[in-house]
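2 protein chains.
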Amino acid sequence: MKFRYANGVPTSTENATANILKAAADPNVISFGGGLPAPELFPVAEMKAATDKVFDKYGRLVLQYAQTLGYPKLREQITDLMKDRHVDAEVENIGVVTGSQQAIDLVARMMINPGDVVIVEDPSYLAAIDVFNSYGAKLVGVPMDEDGMKTDALAETVKKYTKAKFIYTIPNFQNPTGRTMTEERRKELVRVAKEAGIPIVEDDPYGAIRYAGKKLPPLKHFDKDGGVIYLSSFSKILAPGMRLGWLVADKSFMDHFSLMKQNADLHTDNLTQYIVSQFLLDVDLKKHVKKITDAYEHRANLMLELIDKYFPKNVHHSNPEGGMFIWVEIPGGVDTDELFKTCIKNNVAFVPGSAFFAGDIKPGTFRLNFSNMNDEQIKEGIKRMGKAIAEVVDN
Amino acid sequence: MKFRYANGVPTSTENATANILKAAADPNVISFGGGLPAPELFPVAEMKAATDKVFDKYGRLVLQYAQTLGYPKLREQITDLMKDRHVDAEVENIGVVTGSQQAIDLVARMMINPGDVVIVEDPSYLAAIDVFNSYGAKLVGVPMDEDGMKTDALAETVKKYTKAKFIYTIPNFQNPTGRTMTEERRKELVRVAKEAGIPIVEDDPYGAIRYAGKKLPPLKHFDKDGGVIYLSSFSKILAPGMRLGWLVADKSFMDHFSLMKQNADLHTDNLTQYIVSQFLLDVDLKKHVKKITDAYEHRANLMLELIDKYFPKNVHHSNPEGGMFIWVEIPGGVDTDELFKTCIKNNVAFVPGSAFFAGDIKPGTFRLNFSNMNDEQIKEGIKRMGKAIAEVVDN
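From first to last, the protein sequence lines stand for chains A and B. Residue 395 is where the first sequence ends in the UniProt record's numbering, and the numbering goes up by one at each step. Residue 395 is where the second sequence ends in the UniProt record's numbering, and the numbering goes up by one at each step.
Incorrect hints may have been included.
Pairs of lysine to any residue, SDA-like flavour, derived with a Cα cap of 25 Å [said to hold, decoys possible]: (1) K57(A) with K194(B); (2) K2(B) with M254(A); (3) K138(A) with N7(B); (4) K138(B) with F222(A); (5) K251(A) with K53(A); (6) K22(A) with K163(B); (7) K341(B) with E321(B); (8) K251(A) with F222(A); (9) K57(B) with M254(A); (10) K57(A) with E40(B); (11) K150(B) with Y65(B); (12) K214(A) with A196(A); (13) K22(B) with Q64(A); (14) K163(B) with R4(A); (15) K48(A) with K341(B); (16) K22(A) with K224(B); (17) K53(A) with E188(B); (18) K214(B) with G197(B); (19) K53(B) with N133(A); (20) K291(A) with D84(B); (21) K194(B) with D282(B); (22) K48(A) with Y65(B); (23) K2(A) with K341(B); (24) K22(A) with D250(B); (25) K313(A) with L139(A); (26) K53(B) with L280(A); (27) K48(B) with V283(A); (28) K163(A) with M1(B); (29) K163(A) with K194(B); (30) K138(A) with K53(B).
Sample of chain B residues with no beta-carbon within 10 Å of chain A, all distances over it, derived [said to hold, decoys possible]: (31) L36; (32) D52; (33) D225; (34) D269.
Because the hints were derived from the structure by calculation, they are not lab data. For every residue, glycine included, the Cβ atom is placed at its ideal position computed from N, Cα and C.
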């Protein structure tokens, strides 16, 4: 049977990213392509111990249907995590989601009618761009520099697109650039958005993974009228396979959100919520996160050193203070989709910049992930990339 | 900030069902309202043992990001479950979802543009109706009798609505009626749909929970051109809190579905998928399901006996051969929303029929759940309902 799909369903099942990840999945390929945490740091033993406790303490309860917005005890623990991030929230402001990807999807679904404008950083997170496009959004990109989204450019953009539905931003160690928005820009962004009456969707999956620089308050901290919807996740601080994230928003928004969440999957895995809640009671999360940030700092610095050594002298790169990504720009307008092919032949992978832009693609750019490969792989991989770049640049 | 929500987001956060469930959540209330399995039959010890094995055998792997369509081993095991249901499927036809509610939501999202017609049984599953409405569907109900959806009426309906996007049906122990579609009707439904070029979404969460009558092949068994999208779930045969369901469809559909699933939550909880896969290896599922069907048969029969004893003589009720629900009709046009209020005063709850109709509400109808209450509660609850019905009918 030939299905008549709805508008917004991609007509092609050829997904550029899927193809890149497939090429990178070859075990001979050293991949800086994905956005995966370091699995050797997953707290497997502690998670197993927490699970045993949960089955013993709660038994049937964790296997039954549960509340749409999540396990109340976990929501309370999330309010404590938020305090640590300088955000005061009550349990009623917290919604547990099936990974923060689900929060991006449901917030988009709640806000976007086909043709609506959504403002994004340019470049931005691929899977968010895919979601916004699937609801028929018209994406408008705001340029960035090393200090994050340019708020003067944003002020112009909201004047032009007064009915934009929301501004999507990743202030900490942005995906794909690894850049962090300064405190001044954060305040200014909240001010501009409020004045324009446009909500902000603040995506903060990486904020806790800071290994350098000064911890900055999220946009939500500066939000006085409920215009900021804050998303975060246990994926980068605990384990992504468990698909556990959360959303923080005003009570009135949460009431609508709850109905959408019910439609989407009734509620998030109850067992997993209990396990993570028990884990947070038993394990020193800060100590665990310190292990992650120490490892990532080491890997990022190693990668940056090797970039300086093996890449052309005039290359630009971001200097992340946390997270998982470095953004590289090779001058001279190199087509990094072509570079990708050369790299794959040399058994090394990354994600070309073209995947991340809502507006014009900036040539010569690409994203490197430093969290998922060990020292040896980073050394060998960057060397291989250097060789491939030299080939392409010489041509 | 005042949010400008998209079309389809309910403008009121007053959800009739939510209110009913809230009223029924009072611990003094005997509730036949929800659709919850019997928690005392959850295999807690076996699930704990399976989880321990998973952590020991697979460690980090289960905590990492994983494939969008699910854990390949589990998908293979699902093809075996499908064989047992007389459906030949390959791994590539199976998608694991975060509860079959997610499959309903994503299939609807893939198919429905605002204004599109969706054909449903009248009455039908509440949370599916909510989903279809949220995408702006125009719902057209097809009447049922004790043999399921009336296929002659369906034939008329598809003649009138030639561009209907799909036909949504629950052939086994339907929610809310508990009725089962006959084999003849199944064949006829597939034939009519195929001739009209309209896909069928076959929702089968309860099919395995059959305690009486003859096991019937699903519509998907009769599907020769991929027009049937089949949904099922581990919620009723194992545990709903783990949010694990699946979808069976043609490869071409799955390719599009995969992109939507990626947008929605990247993939379903990996740990939970491994646990259920291990459980299926270690535990005799048929033996476990037999325990459930024995208990449900007993409870259903007890409830039907008591209905005959305590409800008015001329009451109609369905005679389910499985599942979790009995559908009751009191003659005389009693308003069961009013009856609900009287029942709550008497500390007993159900769901009034009004919640389930896409078209005209059939007065005097309501749904009773028999799976979640024990013998004593069923005895006391039906007695209380009988008293409340007598009050309302006498008035």
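Hint check:
| no. | hint | result |
| --- | --- | --- |
| 1 | K57(A) with K194(B) | violated (52 Å) |
| 2 | K2(B) with M254(A) | holds (13 Å) |
| 3 | K138(A) with N7(B) | holds (16 Å) |
| 4 | K138(B) with F222(A) | violated (43 Å) |
| 5 | K251(A) with K53(A) | violated (33 Å) |
| 6 | K22(A) with K163(B) | violated (37 Å) |
| 7 | K341(B) with E321(B) | violated (30 Å) |
| 8 | K251(A) with F222(A) | holds (17 Å) |
| 9 | K57(B) with M254(A) | violated (40 Å) |
| 10 | K57(A) with E40(B) | holds (15 Å) |
| 11 | K150(B) with Y65(B) | violated (45 Å) |
| 12 | K214(A) with A196(A) | violated (30 Å) |
| 13 | K22(B) with Q64(A) | holds (17 Å) |
| 14 | K163(B) with R4(A) | holds (9 Å) |
| 15 | K48(A) with K341(B) | violated (46 Å) |
| 16 | K22(A) with K224(B) | violated (32 Å) |
| 17 | K53(A) with E188(B) | violated (52 Å) |
| 18 | K214(B) with G197(B) | violated (30 Å) |
| 19 | K53(B) with N133(A) | violated (41 Å) |
| 20 | K291(A) with D84(B) | violated (48 Å) |
| 21 | K194(B) with D282(B) | violated (40 Å) |
| 22 | K48(A) with Y65(B) | holds (18 Å) |
| 23 | K2(A) with K341(B) | violated (48 Å) |
| 24 | K22(A) with D250(B) | holds (22 Å) |
| 25 | K313(A) with L139(A) | violated (35 Å) |
| 26 | K53(B) with L280(A) | holds (23 Å) |
| 27 | K48(B) with V283(A) | holds (21 Å) |
| 28 | K163(A) with M1(B) | holds (14 Å) |
| 29 | K163(A) with K194(B) | violated (44 Å) |
| 30 | K138(A) with K53(B) | violated (48 Å) |
| 31 | L36 | violated (6 Å) |
| 32 | D52 | violated (7 Å) |
| 33 | D225 | violated (5 Å) |
| 34 | D269 | violated (5 Å) |
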